[in-house]
Every structure is written in structure tokens, then in C-alpha cells.
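There are 2 protein chains.
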Amino acid sequence: MRDAYVLGVSMTKFGKLLDKTLKDFAYETVWNVIRESKIDPHDIGIAFVGNAYAGVITGQESVRGQVVLRDVGINRIPIINVENACASSSTAFYLARNAVASGQCDLALAVGLEKLFCGDLGKSLAALSTSSDIEIEGRMGILFAGIYSMRVRAHMEKYGLTRQQFAKVAVKNHDNGALNPHAQYRNRVTVDEVLNSRMIADPITLLMTCPMGDGGAAALIGTKEMAERMGKRPVRIASSTLGSFGFTGKDEPGIVCRVSKQAYQEAGITPKDVQVAEVHDAVAPVELFLCEELGFCGPGESGRMIDEGVTWRDGKLPVNPSGGLSAKGHPAGATGLAQVAEIVWQMREEAGERQIRSVPHVGLVENGGGNVAGETAVVGVHILTA
Amino acid sequence: MRDAYVLGVSMTKFGKLLDKTLKDFAYETVWNVIRESKIDPHDIGIAFVGNAYAGVITGQESVRGQVVLRDVGINRIPIINVENACASSSTAFYLARNAVASGQCDLALAVGLEKLFCGDLGKSLAALSTSSDIEIEGRMGILFAGIYSMRVRAHMEKYGLTRQQFAKVAVKNHDNGALNPHAQYRNRVTVDEVLNSRMIADPITLLMTCPMGDGGAAALIGTKEMAERMGKRPVRIASSTLGSFGFTGKDEPGIVCRVSKQAYQEAGITPKDVQVAEVHDAVAPVELFLCEELGFCGPGESGRMIDEGVTWRDGKLPVNPSGGLSAKGHPAGATGLAQVAEIVWQMREEAGERQIRSVPHVGLVENGGGNVAGETAVVGVHILTA
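Protein chains in written order, with our numbering: chain U, 1 to 386; chain G, 1 to 386.
Here chain U stands alone, though its shape is the one from the complex:
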């Protein structure tokens, strides 16, 4: 397998965008990455389109990628629709990278798109509930906040993390989101505001949860030569890994540990080498567990990390400088590629006001999706180097 590089990256503004369609998101992001990458769009060899919920929200199933790429002008090449819940576009990225790394083609397009707002909250929640087994978890009526709440409480009991620490994650991510023009929420919040906001599933309060969202993101993956030719800092995909739930034993490392271990091995680095990360903070407390599971600190030590400022924008290892899911928003099928975009922008010093102080050479993306058999159904971890 040869090295594959991220060329252009793009995301729309995330938010409640009732007047925008999946086609709008595809058009904007795909043409952005074509222009930025300085390639001929006819050279794109394959396209992977990730989406989780259009079947429920808009009714479009089965040929979503073909339908949205039609007006973009992408056709004739293989167009592959992938679904993997909130990790759908990480899956598209993973496959696009493999298509280039294997030499199957020189230029691959990855797109992630989602509409969740549709004027009917019940429908949006019904869509989200299809990311677990509808015959098992679905019938139990457990939504994501409930699942996370059980995990958070178990972790609190074991390691003593505090509600204040969880709230600080939300404060940090809203601080970052306030500087991100793509973010859904651009307001800052305080620890007190987070703790006093409406309780959703104890100890998770409203301001600790990520919003639903609409939006799109895209990336072009190409060869080293293309990356050098586009005139920006080349960003190499050092590894891109995907893994699934696995009936993990009580004392066994969970899915994020498993997948990230493989990602570190393939990239030839250790967690200590990571200088910036975008992780799947669907609820704020989870960002702390993820820091532990990704090896940024030991088990139970993530509370100290947020207390000591390590993961803040001016810290040693900024986590979610984009604002994360909490503030940037979470249009499920677009999230993974938006995370990739943020790391690339930070590496190319294109992150504007939220640019982290020391331009990173090594960045990590962690993106999770769904819930099956009591565990996240799918996790993608991508390591980029520049």
C-alpha cells in the first residue's frame, strides 16, 4: 500500500438549515474540494458517499450518492453509498483512502451529508433510533443520552470524575465553537450555566449534549504528487482504521482502545505523539473517557487533564479545537469528514481565530457511530501527519 494524502477539505456551516437540501450540501462541499485541490474533476476515480438518516428524513434510500452527485456533475465513475450511523463519513474516508493507497485509483472523493432537522422532532428522533438494533435496543426505547448516561455514571463511580469536570468540557468546546464560523453554536457558556441547564439523563445536562444538525463535508484523497502540486502543506494519512462492537468483556479494552491501538501501530506512532485531536463528544463527559481510551492519559486521569488545561485550545494537546460535536454540531453522516477537515486546517494554519498555537505535525480523528450489543457499533480512527 502506498501513501495517500488529503488534498482539499470542506464543510458547510452546520446548523438548523431547513431551506438547504442534501444536494445543496454536496454541491457546495464537492466543488470546494475540487477547486482547492487543483485537480481536474474528470480524474476522480471513485466516490464514496456517507449518510445515515436520509431514508427516514427525506425518504431517499438506495441511490443517495448518485442522486446528490447528479447535479454536481460527478457520474460514470463508481459511486458507493455507505452507511455507518454517525461514523458514515469516516467510513467513506476510510474506503477512499484505501482506494488510493491500494493503487486502485489516484484520486478518490469522500462525501458526508446529513439532514436531521425536518420540522418534526419525533421523526428526527426516530431516525436516530435506527442506529441501534430496532428489534432490541430500539424496543427498549433507549436513546443515546440514556446509553451515555449509564456509561458516565459507571465511570464516575469507578474513577471519581466530577460533574464540574464534565461541565468544563462543554465550556471548552463552546469556547472553541465561538471562534468557528462553521459551528452551529457560537455562544460561550460557563460551568454554572452548563450544570444548571436542564437535566437530560443524569448527570448529562442539556449543555453537555451535542445538538442535531444539518450539513455536509467532503475531502479529496490523492497521491503524494497531487498533494505536493496543490501548493499547500501535504497532509499524509498515516493510518485509517475502522472497527466494530465486539461483546467486550468487563475488564477488556473497549472498542476505542482496540481501534486506536491499530491506528497507532499502522501509523508507527504512540498516543504521546498526537498534537491535536478531534473526538466524538456526543455528550461532553464522553470526551474525557475518549482521552483515556485513546491513551492521551491513564484511566481516570482525564478529569485532571481538563482541570489543568491540557486539552484546551492553548494547551499541550488541544482536543476538539473546532468546538467538537457539542458546539460545532453533529449532522451525523457529515461529522467524520468535518473532523478530518479541522485537523487538516489546523495543520495548514487555516483555522482562523481558533488556530492552535503550535502548528501540529500529528493529528488524530476519532468518530463513533451507533450502538449494538451494548457498545458503540462502529468506531473510526484516522491519524494524519504533516
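Don't read these hints as lab results, they were simulated from the structure. Certain hints may be false.
Since the list gives no way to pick one copy over another, a pair counts as held whenever it fits inside one copy or between any two copies.
The calculated lysine to aspartate or glutamate pairs, modelled on EDC-like cross-linking and capped at a C-alpha distance of 20 angstroms, are [unchecked claim]:
hint	residue 1	residue 2
1	16	120
2	272	314
3	23	135
4	261	43
5	20	135
6	232	349
7	13	273
8	224	135
9	20	314
10	20	175
11	158	314
Remember, predicted model here, so these are calculated numbers, not experimental data.
Given chain U's structure and the hints, the job is docking chain G onto it.
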């Protein structure tokens, strides 16, 4: 890219199987291919699960593969849900082949599953209509029979193919299906019966159309060493190609010509080398056009082929010895892999009563899906050699 081989193949009986679920189909076919391939299931490196309509029919979106593979015992590895209308499992096959051919892993699983019968015909038809752009073709209310009818009439006017010739395709495929224990329809029909059956969309009569169906199919793709070790005739994937609609000009070769041309080139063969084919006869007349587009004969010559018996089971180039979509049935997301299974069985002399006389060395699968911008949305062509 190294050579990849088809190891075990499996399909369920196709039909109206109201008491069976997608999970049942996955369990049966995946364990069949594991046993047949003589591999350790823990060595499976990646799984691709194709399905088109579960979102509409059962309500399960987003993590369909994880949900059906949970009880099969396949987990932890990357599980990727792919959708490409009636070519969903061809897409799974294409990706599984590339995963092995690229050296990414040694053993890849491709699964295709569909439930279309659900006790509510309106719902089933609504599901099928999501394989075009629901905002364009969908709003026009055109179902597949209508789209095919326009193509068939244009072709009739240009080349003079007759209704009798179309009917003969249905007769041939029902003859083959009668010998196939997996087939949905096992009754023989006559030319008169076909022509006198209910008119669906002139000139397409009821017995020229394929039925809806439920069912599953699977294949394991592995290395040459694995293929040799399993003790059956090794079947090499000489090429696996996928292509999309493309605003094809009036006098330009269509999508099937484009994709098959690439498949022949990659396999290093010509249409003359093909000794058996499974093609996407969603309606019987289309099998004739496909023979032309695949280069089995010249434009307008396919009527003579069926008249002269070339494509019958004892002919020089048997087409759809399984019974094709017309008789074997068409559970959309399972069809591509069922077509692959038939070619493999014919190559291994495992096709029972419908075994063609001269055991083939070169076989071709053509599988289409959806309709976008007036053309089949996606076509997969796979060439197998033994």
C-alpha cells in the same frame, strides 16, 4: 493488485418468505460460506453488507450489517454497510474483492440481503421507488416497468425485435428456474402463456417481469492459497467493475457497454471468451439488450440469439442458467451475489440438474440498480475465470 479468489458462495431460497428475517438470511448464508471455505471465521478481515430497502420495509437503517452479523458472531472487524439499489451486493462484492486484491486483508466477506414482502404491497412499491431520485423520477410516479417499457419500445422500433422473442426469454428462464431449488418460481411457461399473461407496461407482460423477493446471498473472497486449500476448483476474480449513470448521448455507448468494456480490459478477455453469464433480466426483454450491450452479439442481433438457442441452457453461451431474475427471483440487495454464486456453481459442476453441458472456464455477471437521469444508476460487471 494481487489476484483475489471466490471461496465459498451461498444463497438462501428466494421467495415470499414472510416468516424469515434479514438476520435469518445472514446467519444461513454466512455460516454456509464459512464452512464451505474451510477457513477460521476469526481470519475474516472485513465485511461488506449490501441491502437496499430495509430502511423502508423493516425500519432498520444505519447499522444494518452490524445488526444482522451480531448473532452470526462476526464483530470487531470493520463492517461496512453499502447501498446501491439492486446492485447493492455487487457493490459489496466489488469492495470485498478490492480489499483482498490490494493486500489490505486476506479474507473478506460480502453479504447481500433483502426483504421486500411485508404484507403491504404499497410499502414494497414505495421502497422500490426510492431507487430513483425521489424528487424527480419519484414525483413522476414512474416505476421500473414503465421505464423498461420505454426502453424496450425504442429498441423494438430501431431493430425490429419481436414480442415472441421477448416471450422466449421468459420461457428459457422459467425452464432454468424449474431446475433450481433456490428459485422463487419453479413452473415452466409457454410462449403463448407469456404473451397472454396480464399486460403490465406494453409490451411487457406479467410473465416477462421478475417478482419481488426475500432472500440473502454471501461469498467469501480470499487469496489464491486459500482457494487452493479449500479443495474445490479455484475461481479467480479476473475483474470486478462498477460504474454509474452518465448523461449518455443518444449515439454513445450506454452504461452497460462502458462498464463491461472496462471489465473485459481488466480481465484481458473479449466477449467471445465468455462461456456463461448471469445478467440482470429485471424484465425479460432487457436480457436481449444486455446480450448486445455486453458484446455477446451485435446491435439488434439478440433476437436471433434467443431464436437459435444460443443462450439456452444447452446453447453455446447459456445466459441466466439459474433462471435469472425472472424465475429465480429478485430480492434486490441479494441479487448480485446470487448471480456470482450461480457462476461459481457452474464452474465447480455444483449446479445440479441445471448444470450446463460444457463446464465453463470464463463466466460473467452483470447486475444493475436504480435509475437516475434516465439511465441505470449503477451497473456492476464481474468476470470470473477457472
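Status of each hint after checking the structure:
no. : hint        : in the structure
1   : 16 <-> 120  : within (12 angstroms within a copy, 35 angstroms between copies)
2   : 272 <-> 314 : within (17 angstroms within a copy, 67 angstroms between copies)
3   : 23 <-> 135  : between (32 angstroms within a copy, 11 angstroms between copies)
4   : 261 <-> 43  : between (34 angstroms within a copy, 19 angstroms between copies)
5   : 20 <-> 135  : between (33 angstroms within a copy, 14 angstroms between copies)
6   : 232 <-> 349 : within (10 angstroms within a copy, 57 angstroms between copies)
7   : 13 <-> 273  : neither (31 angstroms within a copy, 53 angstroms between copies)
8   : 224 <-> 135 : neither (46 angstroms within a copy, 40 angstroms between copies)
9   : 20 <-> 314  : neither (35 angstroms within a copy, 56 angstroms between copies)
10  : 20 <-> 175  : neither (27 angstroms within a copy, 52 angstroms between copies)
11  : 158 <-> 314 : neither (30 angstroms within a copy, 71 angstroms between copies)
Hint compliance for this structure: hints 7, 8, 9, 10, 11 are broken, all remaining hints hold.
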